[in-house]
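Undergrad: If you count by this note's numbering, then the sequence shown holds residues -3 to 911, one letter each, in order.
These are calculated hints, taken from the structure and not from any lab test.
Any given hint could be a false lead.
Said to hold, decoys possible - Derived DSS-like pairs: lysine-lysine, alpha-carbon spacing no greater than 27 angstroms straight-line:
1) 439 with 298
2) 850 with 873
3) 873 with 860
4) 156 with 298
5) 346 with 318
6) 318 with 241
7) 844 with 860
8) 318 with 439
9) 844 with 873
10) 39 with 81
11) 81 with 46
12) 241 with 439
What the hints assert, rightly or not - Have a look at the derived ranges for each label pair, beta carbon to beta carbon:
13) 156 with 66: 30 to 40 angstroms
14) 858 with 321: 47 to 57 angstroms
15) 298 with 21: 50 to 60 angstroms
16) 153 with 189: 26 to 36 angstroms
17) 326 with 244: 25 to 35 angstroms
18) 800 with 189: 52 to 62 angstroms
19) 729 with 326: 51 to 61 angstroms
By construction, the Cβ of each residue, glycine as well, lies at the ideal position given by its N, Cα and C atoms.
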Amino acid sequence: MSTQFLRRFFDPASIAVVGASEKTHSTGGQVIRNLLDGGYTGKLWAVNAKGYASVHGVTCVARTSQLPEIVDLAILCTPVNSLPKLLSRLGESGVRAALVLSGGSQLDDEHSGKSSLRQRMLDAARASGIRVLGPECMGLIVPGRHLNASYSSHTVPRGKVAYLGQSGMLANAMIDWAAGRGIGFSHLLTLGESIDVMLPDLIDYINQNSPTQAILLHLERVHDAQHFMTAVRDASRSRLVLAIKSGRTAQSDMSGLPPTPGITHRDQVFDAAFARAGVVRVNDSDELYDALETLSRMRPLKGDRLAIVSNGLGPAMLAIDKLISSGGRLAEFEDDTQRALREQDLDISKPGENPVDLGGNATPERFVAALEAVAADPNVDAVLVVHAPTRLAPSRATAEALIGGRRRFPRNLLTSWMGFEQAVDARHLCHEAGIPTYLSPEKAVKAFMHMVDYQRVQSLLQQTPPSLPISTAAEVRQRCHQLIDRVLAEGRESLAHSETAEVLKAYGLPVAKSLYPDSTDNAAQLSRAVEGPFALKVVHDGNSRPFRYRQHPHKLSAGLIQDIATPEDVAAAMDRLSEKVSEKFPGFQVREFCLQPMQRGKHSMQLCAGITRDPVFGPLIVFGIGGYKVNILADRQVSLPPLNMTLAADMVGRTHAYRLIREHSSDPERDTQRLCQVLVTLSQMATDLPRLRGLEINPLLLNRDGMVAVDFAMDLGQPARFAIMPYPEELRESVTLRNGWEVEFRPIRAEDAPLITEFHRQLSEESIRFRYFHNKTDLSQGDLSRLAHINYDRQMAFIAERLCEDGSKEMLGVVRVWNDPDNIRTEFSIIIRDDLQGLGIGSRLMEKMIRYCKGVGTLEMFGKIMIDNHPMRALMKHLGFRQRFNMEEQVVDAVLRLNEPTSDWQRHRLERPVE
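Using the sequences provided together with the hints, build the complete structure.
TA: Take a look at the structure:
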């Protein structure tokens, strides 16, 4: 999957409509009429097997082989059974883009020993080199290019919103809604059952080649989570991305994928993915429209504090209920605001407080006066005006007053004009003035919370986290890998309790003291050395896997006996458990017995933490309330690894467990920090041990003495593919510089922001000018986020880091590359601290980066160098770069071929930036 040949879909110089017809209801006829009505200016041909001279005035041929030239785009509206052969002929003739509107329920049917139509179409496309969007797609619309290659009956105005969906009917509804709101589109298309061009490819193309301000996504399924997350994360850093996901319930989920162990509702996984990607999620089509209205018209928020001004307490209370239940906050006015409201007698219910109730006799002038006072309060992030029409304050007159005074309101303004007959004019006026307006107070509040959510996910995307509390030594990883290799060699897919304890201890996680007797005599002997009472668990095939919950987990069949008083009772309990396993589970093998002192008292809280694997998004970190009722308590949050302390804190903060900790812990900050460290450690384990399929620690006890893992289980599987590529630990290496310093060359990570700040502070003005092509005294928070928090599958940055004598670390230099989505070309930059030049740091960093880029298959590395940067030009010459003076930009272009192209398209891409 890539952006290969996608330009030919969005900006074709010539089009052939295969299956074009003059029949009123035919898809081919609708498409060719839309192309003509839309004003398409390129060359256009029709193809119809009946050999018409023309179709709707467009020259027609009987077969694609009779087309006078190779077209950029073929639009296929023919019967679905003809598509495999047709795609082969088009691809072999040189056509590189096919838009397939045909479709049907028989795409996956297999007949007479042949593979399915879907597979035969994909085989034909790959063999002939043609890119295919469809089948069953609505088509695509690019108003800026006068291109309407769809069966939609609507005229779409030009705008700066791109809609990418998987449902043609929802797209048609979106077009109609947007037309009524005056919102235009830069691109609008649906994928249908696309076999080749996928949603991430389209996101990448639009992100690279369009000035789109917002991208709306409608998802039914995600095929490649890593590609999807990379594309969306890149896009959301520079524009608003909204998403709606259908198939949220088991009844509407048509994917046929197996459930995610430990996750009752898989929709949670999409919540976690959207949050990590900086995407605002909406739950239904109404919310999608309202969120677009809000986010396209409001300035960025600083918080979640809402003030409400209304001419009645009832509507205001509805808004407050929705705000609090959605996680927002009601703003608390400063003393000056309260005084102003009282002095002007503006609030008749609770003077000076929020909400401001102006009463039924409020005039438009009183609305404006109240808004001036409230919007000036620094404790207010946005103001919602709720208005019901009265004789003294008609909706239209009030709207005109608000619009006339809007420059005096320094906060974001939302409006809800209740009613219909009078409210219509007020809504229209506010819409024309660019003020978000909604049918009800609840809708307005929900739209406000979308803005709050957007600020939160963007903050998570751009935050630079504190230093990691752990670092895994190579010997720890090696020891755990050897244990896993041994388990797999024995034909087992799950670890014994003792083996799981060994892995947890290796990563520094606190584990309850556990003894593993191999006989009743040994059990009695071991228990004499430990203070009781005891708990004894039998570990067998049925309970040695994580997230396997039973209907009655508290019964003896679960394999646990508690409150055993004496060593003799321990031996008897061991016999009893053995008998029960033989009776209840005759096919299960007993792995071992685990003996532990009872963990009671100390005001302990039972938590659950672990790792699971989703069939789409791969490894996930889970956390929430623990204990035997965990399978029915709705308190499990999930997050995509890798995690840092900031992301872990956000995850913990979304659980009921966190609220209990805040209420009952003697030191909530300390306990929250401990939990975050556990989650970051689990994230590191998932990264280090890719064959780890699942790990459940339940219960994880939290009390005044700390935390301890009491019970746990781990199983194994095929190596995982992460939705977000984890930190490439294997790329770290140590080198000795010419001055004898031991320096580590390693990939950058988000926690390196303080190192980057100090490194930048030590650079000279000239070095900064050579790197950024202008003077850049300070780095903003956004700069630090972009420099430290990178997508390792599209970018790479190696830093040279030295451990100082006082134990601190310093950054000596950094080299970066930015790959295009197709891995054709990568742009580099490098900067070394001024006082350390001449030690070979620059050449070593560049050589490491060149080796890396060659290894991942990049074809060409290039960079731009200022003319007077003579040391850099000398380094490029030493490394074998070709250098050419760029007269237009007044710089030197340096280019190095890394790998040879393997296809004509790759050769074209080296010559043309976009194809």
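Undergrad: Are the Cα positions of residue 318 and residue 241 separated by 27 angstroms at most?
TA: holds (22 angstroms)
Undergrad: If I claimed the Cβ atoms of residue 298 and residue 21 lie 50 to 60 angstroms apart, would that claim hold in this structure?
TA: Given a distance of about 54 angstroms, which is inside 50 to 60 angstroms, the answer is holds.
Undergrad: Given the hint that residue 156 pairs with residue 298, does the C-alpha gap stay at or below 27 angstroms?
TA: holds (25 angstroms)
Undergrad: Honestly, do residue 153 and residue 189 meet the 26 to 36 angstroms range at C-beta?
TA: 29 angstroms Cβ-Cβ, so the 26 to 36 angstroms window holds.
Undergrad: Should the hint that residue 858 and residue 321 are 47 to 57 angstroms apart at their CB atoms be regarded as holding?
TA: Holds, at about 53 angstroms.
Undergrad: Between the alpha carbons of residue 81 and residue 46, is the straight-line distance 27 angstroms or under?
TA: Cα-Cα ~18 angstroms, so holds.
Undergrad: Between residue 39 and residue 81, does the CA-CA distance stay at or below 27 angstroms?
TA: Distance ~25 angstroms between residue 39 and residue 81 Cα, so the pair holds.
Undergrad: Take the C-alpha atoms of residue 844 and residue 860, compute the straight-line distance between them, and say whether it is at most 27 angstroms.
TA: holds (19 angstroms)
Undergrad: Hint check: residue 346 vs residue 318, CA-CA at most 27 angstroms. Holds or violated?
TA: holds (20 angstroms)
Undergrad: Quick one, are residue 439 and residue 298 close enough, alpha carbons at most 27 angstroms?
TA: holds (21 angstroms)
Undergrad: Can the restraint linking residue 873 and residue 860 be considered satisfied, given a maximum Cα separation of 27 angstroms?
TA: holds (14 angstroms)
Undergrad: Hey, residue 850 versus residue 873, does the alpha-carbon distance stay inside 27 angstroms?
TA: With a Cα-Cα distance of about 19 angstroms, the restraint between residue 850 and residue 873 holds, given a limit of 27 angstroms.
Hint violations for this structure: none, all hints satisfied.
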